[in-house]
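Listed in order, the protein sequences are those of chains A and B. Throughout the first sequence, residue numbering follows our numbering, covering 1 to 265 in sequence. Throughout the second sequence, residue numbering follows our numbering, covering 266 to 715 in sequence.
One or more of the hints may lead you astray.
Within a straight-line C-alpha distance of at most 20 Å, the following computed PhoX-like cross-link-like pairs (lysine-lysine) qualify [said to hold, decoys possible]:
1) K588(B) with K106(A)
2) K74(A) with K523(B)
3) K285(B) with K345(B)
4) K34(A) with K76(A)
5) K605(B) with K90(A)
6) K389(B) with K445(B)
7) K376(B) with K359(B)
8) K387(B) with K397(B)
9) K460(B) with K376(B)
10) K345(B) with K74(A)
11) K90(A) with K43(A)
12) K348(B) with K371(B)
13) K523(B) with K605(B)
14) K99(A) with K605(B)
15) K112(A) with K605(B)
16) K397(B) with K348(B)
17) K349(B) with K359(B)
Derived by calculation from the structure, the hints in this document are not laboratory data. Predicted, not measured: the structure shown is a model, and the values here were computed from it.
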Amino acid sequence: MYDIATTEKTVEQQVTKISARDVQVYYGESHAIKDVNVDIEDKTVTAFIGPSGCGKSTFLRCLNRMNDTIDICKVKGEILLDGENIYDPKVDPVQLRAKVGMVFQKPNPFPKSIYDNIAYGPRIHGLARNKAELDEIVEKSLRRGAIWNEVKDRLDAPGTGLSGGQQQRLCIARAIATEPEVLLMDEPCSALDPIATAQVEELIDELRQNYSVVIVTHSMQQAARVSQKTAFFHLGNLVEFGETGQIFTNPEDPRTESYITGRIG
Amino acid sequence: MTDISQNGSTPRKHGETLMKLTARTKRRNAAERRFQAYGIAAIAAGLLMLAILVVNIVGNGYGAFTQTFVTLDVTLDAAKLDKKGQRNLDDIKKVSTFGYAPLIQKAIEAKVAALGVKTDLKPKDMAALLSKGAPAQLRDYVLEHPDAIGKTLSFRFLANSRVDGYLKGRVTRHSIENDKNISVPQLDLTDQLVKAGVIEKTFNSEFILGSDASDQRPEAAGIGTSMLGSLFMMLVVLALSLPIGVAASIFLEEFAPKAWWTDVIEVNISNLAAVPSIVFGILGLAVFINYMNQPMSAPLVGGLVLTLMTLPTIIISTRAALKAVPPSIRDAALGVGASKMQAVFHHVLPLAAPGILTGTIIGLAQALGETAPLLLIGMVGFIASNPPDSLAAGLMEPNSAMPAQIYEWAKRADPAFYERAWGGIIILLVFLVTMNTLAVILRRRFERRW
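Please take these sequences and the hints and turn them into a complete structure.
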């Protein structure tokens with residue numbers, strides 16, 4: 001009995017949520033991402049690290065097709081979400097983005113009330129049948145975003161009036177209000193002070209129980225703190241991908257070691 | 266990093282006092298002061314010009330808002346106005362304005378006699394102090410109130426423009442030496458009647474509400490009808506240029522791919538904004554009137570032409586407003602799974618709305634003051650008729666517009682019209698300043714900072 005349970009748990013941990021195969025990204029003439037193959041697991045925090053301009057954000061934005069909004073950006077190769085190619089012509093990016101939520105570098109709440117910020121996603125996706133259900137979703141999302149206690153008395157106040165850290169947690173709550181399966185975070189703490197960063201990191205760790213989280217970060221300490229898997233990008237190549245502990249203590253590739261020890265970047 | 270200090274290229278020597286300015290610093294400070302002085306001088310020159318303009322316009326146009334009136338008790342003689350005595354409207358209508366003139370002559374003669382004013386003037390010359398429209402005014406009243414025939418009623422008539430000018434200082438005994446329309450004895454009589462309170466100068470609402478009058482009666486001319494013409498044109502401009510302009514801008518800014526054809530469109534829109542308005546006028550003449558057979562002088566056509574003119578302004582300002590919305594808002598909306606159109610209509614457009622409104626109001630204000638294209642489509646007609654009574658009539662029937670009316674008045678020979686042109690300019694400016702102020706207030710009120 002015990003043995004079987006252990007086996008099951010191991011299997012569950014290795015479920016691949018997103019797998020990228022031979023992904024190439026071009027910005028006009030320049031080749032921004034080269035031959036990236038990576039398997040991102042469910043219920044895991046995966047960190048993308050690398051020097052500025054290495055393509056980690058670009059690759060992140062490929063995962064929910066945010067790059068579609070850039071005219072000159074061309075993506076080749078396959079990115080499979082639960083085995084389905086998200087770049088298939090039949091896939092509507094709008095449906096994809098409901099499944100793959102995103103949190104941006106700069107907190108960008110809508111200039112509306114806190115309530116409307118959260119309720120917007122569920123509204124446009126028709127997740128609530130009435131006001132009571134919507135209220136419930138808003139409360140649940142704000143609780144999961146670890147900001148409910150701070151804003152529960154002023155849900156009608158504008159979201160832009162919150163502090164930077166609160167705004168970012170509001171944005172995280174907004175992203176999870178649409179019940180996504182994957183959460184992409186593009187340097188979510190770069191505009192925050194250390195205290196707010198700690199709060200957001202704690203939140204990311206909690207979110208791991210329900211979502212597959214992919215986080216781009218410039219801070220190697222942050223990657224080491226929050227992630228289980230780490231991918232190191234350099235000049236558009238995925239140099240190394242593996243367990244976070246291994247990447248930071250015993251990297252295989254000399255470029256990874258140089259970056260981690262501060263010699264390139 | 267530290268090259269500069271190592272090379273010792275700093276102009277200041279070590280140990281030099283800070284209490285004394287070096288020659289170099291003095292020169293720089295002097296240059297700065299000179300530049301500030303130029304700036305202040307430029308602003309002062311601008312303000313001076315503005316002050317001269319305002320004083321000039323108000324000084325010249327103020328007179329149009331007051332008007333001289335003559336109050337007389339007129340006996341509506343039944344024997345003259347309704348010979349059959351049956352109060353039959355058709356019979357009364359047979360008496361033309363010429364039939365009413367003697368009544369007025371009699372009334373003013375009686376008044377002069379009652380006041381004991383001595384004058385050698387004949388009753389006909391006395392009545393010449395009144396507007397040439399006075400008999401018509403009397404006739405209109407009688408046709409409206411046939412029961413008044415046989416009674417003696419008090420009427421307020423417009424004074425002749427010469428009398429009006431005399432009270433306003435425009436006409437003097439010296440200036441009328443060669444004027445056949447008025448004589449020195451008539452001015453003497455005017456003085457007496459002013460003293461007696463029969464002739465008085467009061468506020469003239471007819472100038473703001475009334476319609477244009479013929480060359481002979483500048484005292485009766487008003488800008489009201491052409492104001493309505495302008496209003497209907499602006500309705501057409503607003504109804505067409507706002508939706509078209511905003512739709513075009515949203516498409517170009519948010520949806521259109523970056524391609525050569527969008528660049529061509531963009532360059533053309535910028536060029537259109539700089540095209541002289543008379544070009545739009547001749548285009549309107551050729552397309553709307555000659556080709557599409559729309560009526561001449563109609564506010565509908567004027568509005569269409571002004572729409573063409575306003576569109577580039579609205580498109581440019583709308584695109585600027587859309588551009589000013591930070592991309593992070595679009596990302597946020599797309600990130601939670603909004604479609605592009607939802608992102609634009611739920612988030613971007615509301616944020617850009619104040620900018621769009623400001624641009625629209627400024628575009629409308631520009632269109633309101635535009636004259637040249639209206640000249641070409643014939644909106645300088647002489648419109649003395651009653652104001653349009655319905656929306657369709659307002660759009661399709663010939664009318665004038667405020668700036669065209671001003672141009673028309675400035676063209677006429679009688680100096681009394683000149684005063685009205687200035688008065689019209691005051692009204693036009695009040696509208697423009699109000700609209701622009703509204704635009705500024707909207708911008709201030711709803712401006713957002715990110």
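Results for each hint:
1. K588(B) with K106(A): With a Cα-Cα distance of about 19 Å, the restraint between K588(B) and K106(A) holds, given a limit of 20 Å.
2. K74(A) with K523(B): holds (14 Å)
3. K285(B) with K345(B): Violated, at about 101 Å.
4. K34(A) with K76(A): holds (10 Å)
5. K605(B) with K90(A): Satisfied, since the Cα-Cα distance of roughly 17 Å is no more than 20 Å.
6. K389(B) with K445(B): Distance of about 14 Å is within 20 Å: holds.
7. K376(B) with K359(B): violated (28 Å)
8. K387(B) with K397(B): holds (17 Å)
9. K460(B) with K376(B): holds (13 Å)
10. K345(B) with K74(A): violated (95 Å)
11. K90(A) with K43(A): violated (27 Å)
12. K348(B) with K371(B): Cα-Cα ~19 Å, so holds.
13. K523(B) with K605(B): The hint holds at about 16 Å.
14. K99(A) with K605(B): Holds, at about 17 Å.
15. K112(A) with K605(B): holds (19 Å)
16. K397(B) with K348(B): violated (25 Å)
17. K349(B) with K359(B): Judged against 20 Å, a Cα distance of about 12 Å means the pair holds.
The earlier numbered hints that this structure contradicts are 3, 7, 10, 11, 16.
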